[in-house]
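> Single-letter residue listing:
Number of protein chains: 2
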Amino acid sequence: MNTSKIKHPLDQKKVVVIGGGVIGASWAALFLANDMRVVINDPQPGIESKVRVYVMRAMLALQALGHGVNAALERLSFEPDLAKAVADADFVQENGPERADFKSALWATIEQAAPARCLFFSSSSGIPASNQATQMQSPGRLVIGHPFNPPHLLPLVEVVPNPQTSRALIEASLDFYRALGKCPLEIRKEIDGFVANRLQSAIFRECVYLVSQGVITAADLDSVVTHSLGIRWATNGPFLSFHLGGGDGGFPHFVDHLAPGMETRWREQLESTVHFDEATKKLLVEQIENGYGDRSIAQLAEARDEREIAIINSGRKTAQ
Amino acid sequence: MNTSKIKHPLDQKKVVVIGGGVIGASWAALFLANDMRVVINDPQPGIESKVRVYVMRAMLALQALGHGVNAALERLSFEPDLAKAVADADFVQENGPERADFKSALWATIEQAAPARCLFFSSSSGIPASNQATQMQSPGRLVIGHPFNPPHLLPLVEVVPNPQTSRALIEASLDFYRALGKCPLEIRKEIDGFVANRLQSAIFRECVYLVSQGVITAADLDSVVTHSLGIRWATNGPFLSFHLGGGDGGFPHFVDHLAPGMETRWREQLESTVHFDEATKKLLVEQIENGYGDRSIAQLAEARDEREIAIINSGRKTAQ
Chain A
1375 MNTSKIKHPL
1385 DQKKVVVIGG
1395 GVIGASWAAL
1405 FLANDMRVVI
1415 NDPQPGIESK
1425 VRVYVMRAML
1435 ALQALGHGVN
1445 AALERLSFEP
1455 DLAKAVADAD
1465 FVQENGPERA
1475 DFKSALWATI
1485 EQAAPARCLF
1495 FSSSSGIPAS
1505 NQATQMQSPG
1515 RLVIGHPFNP
1525 PHLLPLVEVV
1535 PNPQTSRALI
1545 EASLDFYRAL
1555 GKCPLEIRKE
1565 IDGFVANRLQ
1575 SAIFRECVYL
1585 VSQGVITAAD
1595 LDSVVTHSLG
1605 IRWATNGPFL
1615 SFHLGGGDGG
1625 FPHFVDHLAP
1635 GMETRWREQL
1645 ESTVHFDEAT
1655 KKLLVEQIEN
1665 GYGDRSIAQL
1675 AEARDEREIA
1685 IINSGRKTAQ
Chain B
1375 MNTSKIKHPL
1385 DQKKVVVIGG
1395 GVIGASWAAL
1405 FLANDMRVVI
1415 NDPQPGIESK
1425 VRVYVMRAML
1435 ALQALGHGVN
1445 AALERLSFEP
1455 DLAKAVADAD
1465 FVQENGPERA
1475 DFKSALWATI
1485 EQAAPARCLF
1495 FSSSSGIPAS
1505 NQATQMQSPG
1515 RLVIGHPFNP
1525 PHLLPLVEVV
1535 PNPQTSRALI
1545 EASLDFYRAL
1555 GKCPLEIRKE
1565 IDGFVANRLQ
1575 SAIFRECVYL
1585 VSQGVITAAD
1595 LDSVVTHSLG
1605 IRWATNGPFL
1615 SFHLGGGDGG
1625 FPHFVDHLAP
1635 GMETRWREQL
1645 ESTVHFDEAT
1655 KKLLVEQIEN
1665 GYGDRSIAQL
1675 AEARDEREIA
1685 IINSGRKTAQ
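Residue numbers (the numbering used here), protein chains in the order written: chain A, 1375 to 1694; chain B, 1375 to 1694.
Mixed in with the good hints there might be a few duds.
No copy labels: a pair is met if it fits in one copy or bridges any two.
25 Å max Cα-Cα, derived SDA-like pairs, lysine to any residue [said to hold, decoys possible]:
no., residue 1, residue 2
1, Lys1563, Ala1653
2, Lys1655, Leu1644
3, Lys1656, Met1636
4, Lys1655, Glu1642
Keep in mind the hints are simulated off the structure, nothing from the lab. Just so you know, these numbers come straight off a predicted model, no measurement behind them.
The whole structure should be built from the sequences, with the hints applied where relevant.
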């Protein structure tokens, strides 16, 4: 161990990860790679070995992203009793079942048992903080920290406070995820699906429409995206892209000259009929089998992780 | 010049680029970097120096992408007379004004003057080939080759034949763009906006909705995308992403368990009201000024090109 190394701001801080499934285990790996002590709280039998296997694999990715992972697994432990687990925690990252009643009872227990300094985050992609905090004394303490899968790899964390959360706590939440090397973004209103999943849903409707109409195959549509919009959006988001798409006139030019045509297209797109009916489901499943059936899910996932790491690393080398 | 170099399949082939604006000049640079002879046909005064300036700048990007650009500019010439320009052409790439009447007359002239071997491509993003070919003897000869801006950089070319185009000509069109190092994808039905622009339009409606509702700022939404969906979609398209998002069950699991929730969200999203009205336009322009106003369009475009090149190059180093 290099003792001259500057201490990580989260060094030896204790984070309790509730739920040792894929999301929880991925968070655990990220926390460990940031020098934290990690306690997994999950009553499921055999959880220890499952989490350890996932964490060891994720460590390879984290190393490829430049994290030091020395002695990381020595800081990982398991505590099935929730109150004991959070008794001296600095942070809680919850990844339990997506049921409001379950989460409400959970947070009431956590609030009782955890120290006042402890920050509370839920990874939920669907249940807003205000619906989870109904049994808490101080509901404002609970904040959504919604990662993008897999959490140890993709930088985004959607930070969604509830209306009672203080500005100071929002800033502390953003600071926590920044200290982990993530890119936390504040969502200013509770809304179903937050931002990233709503965008994904909106584009996917058009994807299903185009394939169901026979305009393009599913695998070719994937290639359209990876060779155009994906590269563009890994570089600049939609607004900045149209700011530059407007030429010297920038976004004001776009909005005056190109937006009206887009609004006409919106009307047409809204009128289209798209459903996951049996025929559509069958068509999509067949096309995906045709396009990707020669490789296993594990092989495809490994190729994805490798490529995503390369893109993230290439960004670090580029002057932004 | 290294005489031992294997000759490019397009070496010394003649391509006529109609229209020397940004799209035409970008195509010209790509063609030159692939050892072709390029003739620009554009009656606009001063077009020569404009195109040369653009091409020289684009050559730096093409070099960064691994293209040899030796003596490229010596193969660039200008011919304002359309019939003369196409007389011995192997390929035509048209980038004229987006007006069906203009293009119809243009293609009638080109068909008369060009050799029978010549392939005809239009860069149009909006006017299907069948609407441009109304005055041609053999309308099936005209195919859309729609690039993604900037054409010399982003790999996608949407190849959109018209119903009269032969299978052999579709394959020859795909081969041409592949020989240029592009990723051509066949669009199987003529449809307004083809594929990439329809997807972009669908997602942008939700972007405008979220910002207009105060859920997130425009610049933060851009960051959400670049740090999550952009990286994902530069790696895998939407269908493959959900194939992997379904875990071991793959896309069939997604379609049975997650798609119903997405369809519910579609209904909610379709009911939302989004217009480019004056208040929305003002809000968006202000937010983009706040987010990006500290840099010029040119600075932002240069940063974009640099980042896109890094992403494309990182893909070449990754085993796919």
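> Next step is simple, just say for each hint if it's right about the structure.
Each hint, compared with the structure:
1. Proximity of Lys1563 and Ala1653 under a CA criterion of 25 Å is satisfied inter-copy only: 20 Å between copies versus 37 Å inside one chain copy.
2. Both within a single protomer and between protomers do Lys1655 and Leu1644 lie at most 25 Å apart by alpha-carbon distance, with minima of 21 Å and 21 Å respectively.
3. Taking identical chains as interchangeable, the C-alpha atoms of Lys1656 and Met1636 lie at most 25 Å apart only when they sit on different chains, with a minimum of 17 Å there against 31 Å within one chain.
4. Taking the shortest alpha-carbon separations for Lys1655 and Glu1642, both the intra-copy value of 23 Å and the inter-copy value of 21 Å come in at or below 25 Å.
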